[in-house]
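**Student:** Read off the chains here:
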Amino acid sequence: METLITILVGILVTVAVYLLLSRSLIRIIVGSAVLSHAVHLLLMVMGGLKKGSAPLLDENATSYTDPLPQALILTAIVISFAVTAFLLVLGYRTYKETGLDDSKELRGFTDE
Amino acid sequence: MKTNDVILRTVTKAVVFIILTFGVELFFAGHNSPGGGFIGGLVLSSALVLLFLVHDIETVQQGIPVDFKKVAAVGVIFAVGTGVGAVLFGAAFLTQTFGVFHLPVFGDTELATVVLFEVGVALTVVGTVVTIILSISEDV
Amino acid sequence: MNNIVVLPMVIPLLAGVILIFLRSFVKVQRVLSLLAVIATGVVSISILNAIQSEGILRLDFGGWLPPYGILFVADSFSVLLVLTTAIVSTIILLYAFSTIGATRENMYFYSFVLFLIGGVNGSFLTGDLFNLFVCFEVMLLASYVLITLGGRKVQLVESIKYVVINVLSSWFFLLGIAYLYGSVGTLNMAHLSERIAEVGQGPLLTTISLIFLIVFSLKSGLLLYFWLPGSYSAPPTAIAALFGALLTKVGIYAMFRTFTLIFYHEPSITHTLIGVMAALTMIGGSIGAIAYKDVRQIVTYNVVITIGFILVGLAVSTEVAIMGSIYYLVHDMIIKALLFLLAGTMIYLTGTSRIEEMSGLIRNYPALGWLFFLTTLSLAGIPPLSGFIGKLYVGQGAVEAGSYTLLAIAFLSSMFVLYSLLQIFMNAFWGETIISEDEETPLQNRLLLPCVVLGIGTIALGIGAESIAAYVSDAATTLMNPQIYIDAVMNGNR
Amino acid sequence: MLTILMAILIPFIAAILIPFIYKFIPRINIGWFVLVVPILLFIGLVRYVPSVAAGETYIKTISWIPSAGINFTTYLDGLSLIFGLLITGVGSLVILYSIYYLSDRESLGHFYVYLLLFMGAMLGVVFSDNMMVLYVFWELTSISSFLLIAFWYHRKQSRYGAQKSLLITVTGGLAMLIGFVMLYAMTGTFSIRENIAAIGDFTNHPLFVAALVLVLLGAFTKSAQFPFHIWLPDAMEAPTPVSAYLHSATMVKAGIYLVARFTTIFGGEEVWFYAVSGIGLLTLFWGSLNAIRQTDLKALLAYSTISQLGLVMSLFGLGSVALNAGVSSDSILYTQATFAALFHLINHSTFKGALFMVVGIVDHNVGTRDVRRLGGLMSLMPVTFSIALIGSFSMAGLPPFNGFLSKEMFFEAMLMMRDFDVLSIRSLGTIFPIVAWIASIFTFVYSMIIVFQTFFGEHQPDRLDRKAHEASKGMLIAPSVLAVLVVGIFFFPNIIGNYLLRPAMAAIYPTFLDVDQLTPHISAWHGLKNNMPLLMTIGVVIIGFLLYISLHRWRSLYSVGPMLWNLDTLYNWSLKQMESSSTAITNYYMSGHLRDYLTYIFGFFLFAVGGSLVLLGGFSFDVSNDAPILINEVILVLVMAIAAVCIVFVPSRVTAILLNGVLGYSIALFFVIFRAPDLALTQIVVETVTTALFLLCFYFLPELKREKSVRSSKILNGIIAISAGVLVTVIALSVQGNKLFDSISIYFENAYELTGGKNIVNTILGDFRAFDTMLEVVVLFIAGIGVYTLIKLKARKGERDVED
Amino acid sequence: MNASEIGEFVGALFILLGGIMSVISVYGLLRLPDVYTRSHAATKSSTLAVLLTLLGAFIYFWSTAHFISVRLLLGIVFVFLTAPVAGHLLVRAAYRSNVKLADISGTDDLHDVLHKEEK
Amino acid sequence: MIQMMITIALVLFAIAIGMAVLRIILGPSMPDRVLALDVIGVNLIASIAVISVLMNTKAFLEAILILGILSFIGTIAYSKFIERGVVVERKRDR
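Residue numbers (the numbering used here), protein chains in the order written: chain A, 1 to 112; chain B, 1 to 140; chain C, 1 to 494; chain D, 1 to 804; chain E, 1 to 119; chain F, 1 to 94.
Honestly, the hints are just simulated from the structure, not real lab data. Misleading hints may appear alongside valid ones.
[Said to hold, decoys possible] Using C-beta positions, here's what the derived DEER-type ranges look like:
1) C:E466 - D:M578: 36 to 44 Å
2) C:W370 - D:I13: 16 to 24 Å
3) C:I45 - D:F621: 51 to 59 Å
These figures come from a predicted structure and were not determined experimentally. Heads up, the beta-carbon is just placed ideally off N, CA and C, and yes, glycines get one too.
Put together the whole structure using the sequences plus the hints.
**Tutor:** Structure (structure tokens):
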């Protein structure tokens with residue numbers, strides 16, 4: 001299972017990196033979203049999968065899955081939500097201001 | 001073009017009610033079963049999002065005349081404040097305590113300061129999500 | 001219990017939130033933000049002194065003992081940086097009062113600055129790897145907002161790059177944390193160090209450490225500094241100064257912390273790589289600094305050079321070199337703030353950032369000119385200004401360790417600093433005066449005063465280097481002997 | 001008695017006071033106040049002469065940065081006393097001269113502040129025992145020189161010269177600093193005296209030669225030795241008193257001082273001898289050769305200074321042989337070279353100072369320094385002429401002037417090299433006197449140019465800016481004093497020899513116990529027997545005279561072939577190239593394209609992390625511990641993979657985020673499968689809200705366009721993406737196969753007892769790691785408010801921003 | 001076979017039926033020619049599928065753990081409340097955004113109504 | 001036997017999800033895709049329920065409800081976007 005999910009993570013990373021490297025702002029933002037999915041899964045994998053029951057003490061299980069990565073992922077999810085929201089708004093503000101959706105044309109000023 | 005939203009609105013009334021109750025329930029359930037401040041807050045804000053989707057901003061704001069930025073700020077103050085509160089009681093920053101109290105109506109009830117913390121979290125989540133959505137929508 | 005340790009982070013955060021409610025009371029906002037920052041400074045001074053008498057302080061949040069809970073660890077290194085942050089940001093705030101403009105002040109400018117400071121201080125103090133990530137995010141989000149604050153075209157365009165690259169680096173950070181947690185099973189830095197020391201830093205751990213290297217390089221601008229020139233030259237002066245003084249330093253701090261505390265077992269790989277990167281950074285920065293005729297560009301590439309210079313200390317990793325880096329860090333926070341403020345003031349006064357379009361300013365603004373000259377010298381590490389002692393120590397360390405190439409590049413890079421800033425000084429301040437006295441924009445004292453204070457700071461820190469010597473050497477000792485840190489975190493029961 | 005510390009500090013204190021005095025007493029020329037300082041100091045130092053001559057040294061330490069071994073230690077011995085006297089003595093004269101030279105309209109306040117700064121710094125250099133303090137003052141002299149050269153900063157040439165001098169001297173200073181640091185690494189002290197005391201313990205250290213070379217670099221740049229001499233001619237843009245003071249009498253001699261000082265430490269090393277005397281000779285030759293081609297009198301003097309400094313330098317080099325050979329009666333002979341060097345040092349200050357002042361007077365009164373426009377001034381400016389004559393003849397090495405004495409000693413020392421067998425270069429040894437002799441001929445020629453082309457020949461009043469007349473008396477005082485000294489020293493050289501040079505020799509050769517042997521008797525006449533130096537001088541005069549007569553015939557040689565090569569051009573060219581190529585390089589890689597930057601980052605990631613993984617061989621897979629897989633999970637993973645890959649190719653943005661939503665929801669399902677209920681809940685809600693946000697923002701954003709990138713860059717992207725994915729996977733698999741420790745999370749399973757909560761994840765979030773949660777809330781909050789400000793605060797069109 | 005085992009079996013059966021139903025409905029989603037027809041498959045039969053499954057789960061829990069899950073019941077109610085509305089909105093959006101009918105659909109009855117209104 | 005049935009159901013749901021994703025990719029119109037997402041949501045709900053049965057736990061039942069609610073909200077958002085482009089209006093024009 002771990003191996004399978006890890007490979008999935010690899011595929012997600014590949015897709016995300018490809019998207020990040022593209023020129024369209026939207027693709028870049030979607031790429032960052034996919035990237036966050038990937039890393040959340042990875043964190044999950046690192047804690048071990050299906051190694052016990054859900055970390056709820058009511059369930060009276062003998063062993064529980066590692067709760068710490070879950071807590072970390074929760075934090076990470078919220079943070080990546082915040083960042084994605086900001087990035088999205090930034091993206092459309094930039095588009096409105098410059099009329100460009102193409103990161104290649106968004107060069108800014110170098111030494112003109 | 002006028003749009004006939006009667007079905008949607010009717011359903012929404014019920015749905016929002018369910019979501020809100022459920023959100024509150026999730027919030028309080030958090031300590032012992034899945035849920036908690038984050039999820040509760042997120043569910044509550046998703047109810048608000050649904051309202052905004054179905055109705056328009058002004059109508060909703062008439063119904064809920066709150067500055068959500070300030071809601072969020074109050075939330076943060078709560079969250080940080082519980083930490084500071086612990087300091088005032090001479091404990092380490094962010095020390096949470098809990099205890100089982102006997103209340104007249106509810107019987108033995110477990111009360112924990114963490115609830116205050118979670119309230120902060122939930123308020124911030126609601127405030128922030130709604131602020132973001134409102135800001136974008138108002139830009140149109 | 002040392003609840004005081006959390007204050008450098010909580011004071012700015014709380015103040016920042018409270019300011020949200022005071023949106024329309026700009027004066028109150030100013031006073032409160034200033035008070036908050038000053039309070040942070042006062043607190044950090046007392047922490048610093050407490051450390052000297054009691055050793056490393058730590059605060060376990062919620063009373064959960066490490067490694068289970070999160071904790072703040074205050075050693076001399078981190079608190080020195082916290083203190084400097086407070087001082088520098090106080091002065092930058094003073095400058096911001098008169099330059100940032102009512103529009104931005106109404107848009108929670110001070111809140112964001114305070115959040116930024118809170119995030120920076122948190123990153124300095126935290127003793128937990130994941131918490132470091134979160135503190136980084138606090139700082140970064142505040143910086144994202146600050147860099148866009150005002151919504152000018154160039155700001156938006158540059159901030160897109162800044163944000164995307166930082167999002168990427170945060171992602172690398174999480175990746176690293178995931179791997180590290182997967183193999184070592186803990187997040188507390190001291191505990192990590194202890195566990196890694198127990199099993200040895202195998203090839204896999206070394207590889208993971210390189211991921212952290214990438215993360216912190218991105219944050220600090222070590223080799224991966226592409227985002228830096230653009231994004232530091234886009235925002236208004238006060239914000240740029242804040243960035244120049246603080247942001248990269250956090251990355252540098254984190255790099256020092258991780259590579260002296262956790263991944264110090266394979267210096268032949270990690271530290272060598274850091275050395276190579278530092279050298280390339282200095283070269284790239286030097287090349288960039290002389291490539292342009294634009295004040296902002298020159299100034300930002302100077303930031304790059306310094307980053308490389310400071311990390312020479314880490315690459316060399318002798319106690320003296322690390323002392324040098326610490327001195328240099330403190331110095332650089334002050335002087336970079338000054339440099340950015342001066343550059344911004346020049347642009348404000350002349351309305352251009354091209355040095356060809358400025359001339360003979362020294363006749364119009366003598367004080368500004370001499371301050372700039374002083375800054376130039378200080379940045380080039382000319383004694384007895386503050387840059388010298390750090391440079392000397394780094395040099396000594398490099399000699400001790402036999403890294404002569406690094407040493408040569410480091411010292412040569414300071415020539416490029418000198419050259420590039422002299423270009424500004426000689427073209428903009430010397431030459432025929434082209435602004436007549438009627439045309440000149442008056443230089444208000446409230447703009448000049450913060451610069452003067454920082455200028456005095458660099459002189460004082462240079463001549464009075466001995467006054468912080470005890471703290472610096474304590475900091476270096478702690479960095480060089482991870483066991484001190486580990487003992488304080490894992491065994492001490494304070 | 002004036003303490004040495006005060007001697008260093010007084011100029012600085014005065015420098016601080018000057019602006020105030022200048023402001024409040026504008027009527028009296030500020031120079032008079034300033035003049036008091038060097039005179040006082042000079043008198044104070046003179047009072048040390050007898051005791052120092054008796055072998056006394058004075059040392060005093062004030063701690064500055066003791067933790068770094070940097071202490072403010074002043075040290076007065078014979079060597080530093082000579083320099084101290086020169087600095088204050090020439091300083092007094094120069095300030096006196098400048099009072100008349102500079103008009104009141106110049107910003108005198110600045111001028112004298114810089115000058116005092118310099119004076120203090122220079123005294124600091126020579127009186128410091130601590131190398132770091134020495135370095136502090138050393139750089140300060142460079143800076144004050146920079147400021148003085150650019151005194152007329154509105155002139156482009158001034159700025160150019162100032163920058164050049166600063167760059168070269170500071171670079172040298174840095175090299176010297178590294179040298180000092182290396183010395184510190186070897187001996188553990190920055191004190192020069194302690195280093196000297198420790199000598200012998202560390203001469204075999206591998207760093208020894210490196211330190212030597214680096215220290216020499218500092219000295220050579222400061223003393224304008226070949227090939228670093230190029231800054232000195234351009235430094236002549238400074239007002240003439242400055243040139244006389246800094247760029248001939250004092251600052252350039254800081255390098256000499258350094259060499260003299262460190263001869264004691266490094267002198268025993270062969271490299272030292274070769275470098276110092278070789279470079280010295282080369283400079284001597286090159287400077288004198290180039291002096292002749294100059295038409296600007298000041299430039300001519302600058303080259304002559306270069307050449308004279310080379311002369312002194314080469315003598316010090318020879319003198320170091322004594323140390324190399326060890327203490328013996330043979331080696332004591334070589335110390336005479338050092339003696340000659342010190343003697344010439346003093347002489348040079350006198351005659352060159354006088355000459356500079358003369359040129360200043362000519363420039364001041366006539367309006368030009370170009371020898372082609374000058375001529376026949378002898379009758380118009382008789383006093384000036386006399387001084388010039390004395391100075392030039394002394395420089396040319398003619399009696400009865402002090403230059404003759406030192407030049408004779410110089411020849412004598414050079415002749416010694418013929419018998420030189422210490423370093424087994426017997427055959428090369430003869431080159432020394434030959435080069436010295438040729439250089440002296442050139443020296444003679446340019447000395448004649450100064451005198452004859454300026455004061456003899458035809459007077460051309462129409463080519464001059466002003467009518468020529470004799471200078472004011474005040475202006476003549478200072479050069480006259482120097483001229484008198486030039487003659488005086490010739491007649492009473494042994495006063496200097498005994499009182500100044502002797503203790504200096506003792507300072508340089510502490511191992512040679514018999515000081516008297518080190519100080520030969522200076523005499524103008526050595527008798528006919530075996531008087532080779534005198535013959536050489538006669539030869540110089542004859543050939544020099546012939547060459548001067550025929551100057552117009554061979555001057556054109558300067559414009560052929562290699563003579564056109566010029567280090568100045570090289571310097572300018574390299575600076576320009578450096579700038580333009582840096583612009584090109586930086587513009588190339590700092591393309592401003594996000595994609596490029598990301599490519600760099602991923603490239604580095606692949607290089608560093610991938611490289612280390614492959615090289616260190618960190619991967620080892622172990623799937624035995626894996627959890628079982630169900631078929632539906634495989635299908636889901638496949639679905640997700642397909643959905644993910646399709647995101648790349650779909651042409652519509654809504655489809656892209658729909659697919660992203662599929663991913664998000666599927667991950668939520670996986671969270672369920674992996675027993676993470678809280679995560680599943682959060683993931684679902686966040687995914688939905690994010691989708692809503694995307695849709696909200698799509699209103700403002702354009703539909704996706706086809707990627708316009710060229711195919712090759714798409715392929716590159718693909719390669720990067722795939723390798724990044726593979727790398728992440730491989731490391732993750734290795735980590736799983738390599739679990740080193742159990743997680744700390746076992747502890748959290750006691751959550752109920754510890755915190756009263758049964759949902760472990762929630763107790764972690766709300767209690768164990770509540771701080772993370774608190775900050776996370778802050779992050780969210782910042783993002784919320786940030787979005788608000790980002791949208792609400794727009795720069796309105798056409799409105800000028802607060803700053804920009 | 002006691003009561004709880006029967007309940008368990010019934011639950012599982014419902015779940016299995018739900019699964020089959022779901023696949024059929026998705027098959028419809030794939031095979032039907034245009035969005036209007038597909039919406040039938042998506043909203044009607046899928047809803048039935050999930051209803052079956054949730055019911056199955058409910059019965060299963062009830063019979064094995066004697067646990068009446070309010071959440072599951074609420075879930076069923078909820079899906080029934082929302083799925084039709086969602087389908088309705090979506091199809092309306094499709095029509096409004098001029099998604100073509102499949103060729104075999106014959107006439108567009110709504111077209112005249114709407115356009116009459118406009119006229 | 002029961003395990004078997006449940007597992008088969010789980011696989012069936014997964015297949016259904018896979019086929020729906022195919023619809024998302026194929027399109028052709030946007031409502032088609034959203035419809036497919038809706039179907040996926042429904043199938044996920046079912047899957048979660050089945051997994052809960054399989055693991056015999058009550059921990060995930062909240063997720064069912066949440067998913068139900070939110071896929072509804074999502075669908076509404078999409079349909080409004082398709083219909084009008086604006087998801088949240090400032091003021092309904094009526």
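**Student:** Hint compliance check: list the failing hint numbers for this structure, sorted ascending.
**Tutor:** Every hint satisfied by this model.
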